[in-house]
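Hey, can you work out the whole structure from these sequences and the hints?
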Amino acid sequence: MRPALSAPLWGLLALLAAAPLRAGVPEAVSEAILPGYEGFTAATAALDTAARADCSAEALKAPWNAAFDAWMAVSHLRIGPSETDGRALAIAFWPDPKGSGARTQARLLDAADPALLAPERFAEVSVAARGLFALERLLYDPAFAGDYACALTRATAADLARMAADLETDWRETFAPLVLTAGSEGNDRFLTEAEARQALFTQLMAGLEFTADQRLGRPLGSFDRPRPERAEARLSGRSLRNVELSLAALERLALALAPDSPRTREGFDQARSRAANLDDPRFDGVADPSGRLRVEILQQRLHALRDVLSAEVGGALGVSVGFNAADGD
Amino acid sequence: MATRRHILAGLVASALPRLSWADAGSPAFLAAARMSSGAFALHGLTEAGAMLFAIPLPARGHAAAAHPTRAEAVAFARRPGTYALVIGCASGTLRARLTPPDGRQFNGHGAYSADGALLYTSEVVAETSEGVVGVWDTAGWHRVDEFPSGGIGPHELRRLPGSDDLVVANGGIRTDPQDRSKLNIETMRPNLSYLSPDGAILEQAELPEELRQNSIRHLALAEDGTVAFAMQWEGDPAEPVPLLGLHRRGEALRLCPPREEDLFAMRGYAGSIARSEGMIALTSPRGGVVQLHAEDGAPLATLARPDACGVAPLPGGFLVTDGGGAITRLTPEGFRPLERTAAAWDNHLVRI
Numbered sequence: 004m005r006p007a008l009s010a011p012l013w014g015l016l017a018l019l020a021a022a023p024l025r026a027g028v029p030e031a032v033s034e035a036i037l038p039g040y041e042g043f044t045a046a047t048a049a050l051d052t053a054a055r056a057d058c059s060a061e062a063l064k065a066p067w068n069a070a071f072d073a074w075m076a077v078s079h080l081r082i083g084p085s086e087t088d089g090r091a092l093a094i095a096f097w098p099d100p101k102g103s104g105a106r107t108q109a110r111l112l113d114a115a116d117p118a119l120l121a122p123e124r125f126a127e128v129s130v131a132a133r134g135l136f137a138l139e140r141l142l143y144d145p146a147f148a149g150d151y152a153c154a155l156t157r158a159t160a161a162d163l164a165r166m167a168a169d170l171e172t173d174w175r176e177t178f179a180p181l182v183l184t185a186g187s188e189g190n191d192r193f194l195t196e197a198e199a200r201q202a203l204f205t206q207l208m209a210g211l212e213f214t215a216d217q218r219l220g221r222p223l224g225s226f227d228r229p230r231p232e233r234a235e236a237r238l239s240g241r242s243l244r245n246v247e248l249s250l251a252a253l254e255r256l257a258l259a260l261a262p263d264s265p266r267t268r269e270g271f272d273q274a275r276s277r278a279a280n281l282d283d284p285r286f287d288g289v290a291d292p293s294g295r296l297r298v299e300i301l302q303q304r305l306h307a308l309r310d311v312l313s314a315e316v317g318g319a320l321g322v323s324v325g326f327n328a329a330d331g332d
Numbered sequence: 004m005a006t007r008r009h010i011l012a013g014l015v016a017s018a019l020p021r022l023s024w025a026d027a028g029s030p031a032f033l034a035a036a037r038m039s040s041g042a043f044a045l046h047g048l049t050e051a052g053a054m055l056f057a058i059p060l061p062a063r064g065h066a067a068a069a070h071p072t073r074a075e076a077v078a079f080a081r082r083p084g085t086y087a088l089v090i091g092c093a094s095g096t097l098r099a100r101l102t103p104p105d106g107r108q109f110n111g112h113g114a115y116s117a118d119g120a121l122l123y124t125s126e127v128v129a130e131t132s133e134g135v136v137g138v139w140d141t142a143g144w145h146r147v148d149e150f151p152s153g154g155i156g157p158h159e160l161r162r163l164p165g166s167d168d169l170v171v172a173n174g175g176i177r178t179d180p181q182d183r184s185k186l187n188i189e190t191m192r193p194n195l196s197y198l199s200p201d202g203a204i205l206e207q208a209e210l211p212e213e214l215r216q217n218s219i220r221h222l223a224l225a226e227d228g229t230v231a232f233a234m235q236w237e238g239d240p241a242e243p244v245p246l247l248g249l250h251r252r253g254e255a256l257r258l259c260p261p262r263e264e265d266l267f268a269m270r271g272y273a274g275s276i277a278r279s280e281g282m283i284a285l286t287s288p289r290g291g292v293v294q295l296h297a298e299d300g301a302p303l304a305t306l307a308r309p310d311a312c313g314v315a316p317l318p319g320g321f322l323v324t325d326g327g328g329a330i331t332r333l334t335p336e337g338f339r340p341l342e343r344t345a346a347a348w349d350n351h352l353v354r355i
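Chains as they are written, first to last, in the numbering used here: chain D, 4 to 332; chain L, 4 to 355.
I should point out that these hints are in silico values taken from the structure, not numbers from a laboratory.
All of these numbers come straight from a predicted model, not from anything done at the bench.
Quick reminder that beta carbons are idealized off the backbone N, C-alpha and C, glycines included.
This list has only true hints and no planted wrong ones.
Looking from chain L toward chain D, a few residues come up when the C-beta cut is under 7 Å (computed):
1. Glu264
2. Ala329
3. Phe338
Computed list of chain L residues with no C-beta within reach of chain D, every gap over 10 Å:
4. Ala62
5. Pro71
6. Ser116
7. Gly119
8. Leu121
9. Asp148
10. Ile188
11. Gly202
12. Thr229
13. Ala255
14. Glu298
So, in structure tokens, the structure goes:
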């Protein structure tokens, strides 16, 4: 069941939606952000329930994938509650170039300490060894098996569901009201409306850059040294799916912020069809010249889309990437 | 040879009476900004963040250096810099304009000697990014000397407290003289260099090999000579690296990572650093956060403020300026707004 928005928040949204100056921000909160977090809470709760009933990989792959799908709707939001206690990192610790997640989990399995699996103790485990990627290893890597692995799967799923619920509650009850009352007396988080618009715009731009430069860029590596093994969620074969879902989520956010954005729509359409035609779920193709070219073309589309978003969505919101953030010195 | 520039500078300088900081009284900080008109200016601010005066800048500014006794400061252009302006701070008037010699570029920072008779400027040889410290006579604003900074791409330069020795953050990055693009990321090797006032290298500190892509750029000095330095990571953004380091002459360099949950909060980028009452503040406009550390480098808090960059000490905490125009007071409890302005505040806020 999806928790309903609290009545005061609906009232606030309705009130603010009527104020022309704030166009975009309330829509993004009510149409893109809060539903995304509600979906993630529901999907992780279902995964937790399934894990309690049966910790086997066969039983959990489907609900785990559904939870990952739901995370992709909000993974680009790296602000406010997702940064509290490193939640976004603990939910999805990737990239992990040194493999610290797998190493920490291997140590947990060696130690096989049941006390560590109590919720309050497990919440203190390194962010690298928790969340969706920790579960991916437990479900898809045969090296992680046995009774303690089963208990670790359950603890990780429960921890993930707890973080999702906390994240959604914090957004709904605390952070969304701050975003929606930006510039009001007593709101020390967003001192002007422009700060809230810029904050959401920055999430959009950083999210697109992450997909272009990390989700595509890491497996691409260099022409002389392609790195397919560095693709995101490669074990479960979700690498391309994550790119497609992230683009869908970013498009939803962009069009909620600035609905009248034809070039933005067109840019996402083109990227979507490029991605759909890749037919390369793990980006194995980056290792051969023709497959590589197709991933590079998608990456170039995303870089071009960044300029479109900056002009069209940034223009509609009257903001750009920060004066100092863009400077570099 | 006395150039036209030097003569003009001399005329401007001698035309005004020399007021001391005590006479000036009011401005507590200097900060460069882009105004809503698109023009650039240097502002004097009070301790409460109120804007006192604005002096037009010919191009985007960066940081400033305050004279130890006279009510005077030098504002530096953003690198690659073509100007530095000597400002009379009591009245907010221009006293002289410095231009780097042919083939040299200002790099945004500088410092006065203890007696205020000399100004040291952080510079590069434009073609190679080799670091140079320019030395200027502050009576007539002549360039009197220059010497190597001890590395490539120097950025902030400070005078050690109670001494005329200098410490330079040699960022290690060779850049294109026109467009700032970075040319040596694979081989860069930043360092902290301690120099005598005549340019002898007294000591150099380097980062461990795996962190040599961490460009050392900004400095905040304690009274005992401990140098807190802020870094900008040029390596793989997925590698969590510390962005704060501490060093004291004759001792080993210490790195100060944040808490695990805040490892990526700064997005690998510290834009400015300041110390105040046993705390160190490190700003990240890219992450939209300011991290507070204790004097020993232990992490205290990570606090959100969009596009925050300028930071300087205030009693009990810090004054922070950001690209959105806000001037805020920061304590470990959080930010409190002081002023909302139409200016986009630039990288540095300088206590004078």
